[in-house]
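Novice: Add chain R to chain V, keeping to what the hints say.
Residue numbers (our numbering), protein chains in the order written: chain V, 1 to 115; chain R, 1 to 111.
Don't take each hint at face value.
Stated by the list, open to error - Partial chain R-side listing against chain V, Cβ under 8 Å, derived:
no., residue
1, Q42
2, G43
3, P44
4, Q49
5, L99
6, G102
7, T103
Said to hold, decoys possible - Just the calculated beta-carbon pair ranges, DEER-fashion:
no., chain 1, residue 1, chain 2, residue 2, range
8, R, P40, V, I63, 26 to 34 Å
9, R, F110, V, Q38, 22 to 30 Å
10, R, S79, V, E54, 44 to 52 Å
11, R, S74, V, Q38, 23 to 31 Å
12, V, L113, R, P76, 32 to 40 Å
If you're looking for bench data, these hints aren't it; they were derived computationally from the structure. Treat the numbers as computed from the prediction; the structure is a model and nothing was measured. We treat Cβ as the ideally placed atom computed from N, Cα and C, and that holds for glycine.
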Amino acid sequence: SAVISQKPSRDICQRGTSLTIQCQVDSQVTMMFWYRQQPGQSLTLIATANQGSEATYESGFVIDKFPISRPNLTFSTLTVSNMSPEDSSIYLCSVEGAAGRETQYFGPGTRLLVL
Amino acid sequence: LAKTTQPISMDSYEGQEVNITCSHNNIATNDYITWYQQFPSQGPRFIIQGYKTKVTNEVASLFIPADRKSSTLSLPRVSLSDTAVYYCLVGDLRNTDKLIFGTGTRLQVFP
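For reference, chain V alone in the conformation it holds in the complex:
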């Protein structure tokens, strides 16, 4: 299994600012995913990030709000831009499992509170 770390683990931010979340994997992976989990809710996929190409965003999520970088096979960042209190959530990254796409391994998440 892959070991995934995220930074920061939590943050409190002011409305209108931006926060960049980092995701580091201990092995090279082709596909990385970013999810949002609002308090008490299930996970929602934000986008898929492949190394060397533009991220693919799900319906309801746009690049201007959630720009993603994928500079290499072990690292990705998600920026939450121009934040509002509605962006308060846990943001998780995940990677495809070694066995293919049947499983994914998740990071511990970044807990974001926007005031």
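Specialist: Frame of chain V, contents of chain R only:
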């Protein structure tokens, strides 16, 4: 991906067997059934995956009837540490990048 329906919550006591059923009436021929577990303040963790009949690993068993329109995750002799949210996902995971999470079942284990 096929939509799934699970109970929102379940309660159990330590030592009991817990069975969580997931309905997926629109499951397609190439779809697999996958269960994830999420502890508080952690990301989801893969538990088990199956296509039909029964699958067992060191954590759980997965029972899938012949029509595959439902599945049951069985946790033997639960402990307090099994308190978590359990998600059932259905899809052709060999051909799609996406995991679509439903509401999940919040299992609370009491001493």
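Novice: Could you run down the list of hints and mark each one as holding or not?
Specialist: Tested hints:
1. For Q42/R, the interface hint holds, since its Cβ comes within 8 Å of a Cβ in chain V; the closest pair sits about 6 Å apart.
2. With 8 Å as the threshold, the beta carbon of G43/R comes within range of chain V, its nearest partner Cβ sitting at about 3 Å, so the hint holds.
3. At a threshold of 8 Å, the smallest CB-CB gap from P44/R to chain V is about 5 Å, leaving the interface hint in force.
4. Nearest Cβ of chain V to the Cβ of Q49/R: about 6 Å, under the 8 Å cut. The hint holds.
5. The criterion of a C-beta within 8 Å of any C-beta in chain V is met by L99/R, whose closest approach is roughly 6 Å, and the hint holds.
6. Because the closest C-beta pair between G102/R and chain V is about 6 Å apart, less than 8 Å, the hint holds.
7. At a threshold of 8 Å, the smallest CB-CB gap from T103/R to chain V is about 5 Å, leaving the interface hint in force.
8. Separated by about 31 Å at the C-beta atoms, P40/R and I63/V satisfy the suggested range of 26 to 34 Å.
9. Distance hint check for F110/R and Q38/V: the Cβ-Cβ separation is about 27 Å, which falls inside the suggested range of 22 to 30 Å.
10. A beta carbon spacing of about 45 Å between S79/R and E54/V agrees with the range 44 to 52 Å that was offered as a hint.
11. A C-beta distance of roughly 30 Å is found between S74/R and Q38/V, which places it inside the suggested range of 23 to 31 Å.
12. L113/V and P76/R have their C-beta atoms about 39 Å apart, which keeps the hinted 32 to 40 Å range intact.
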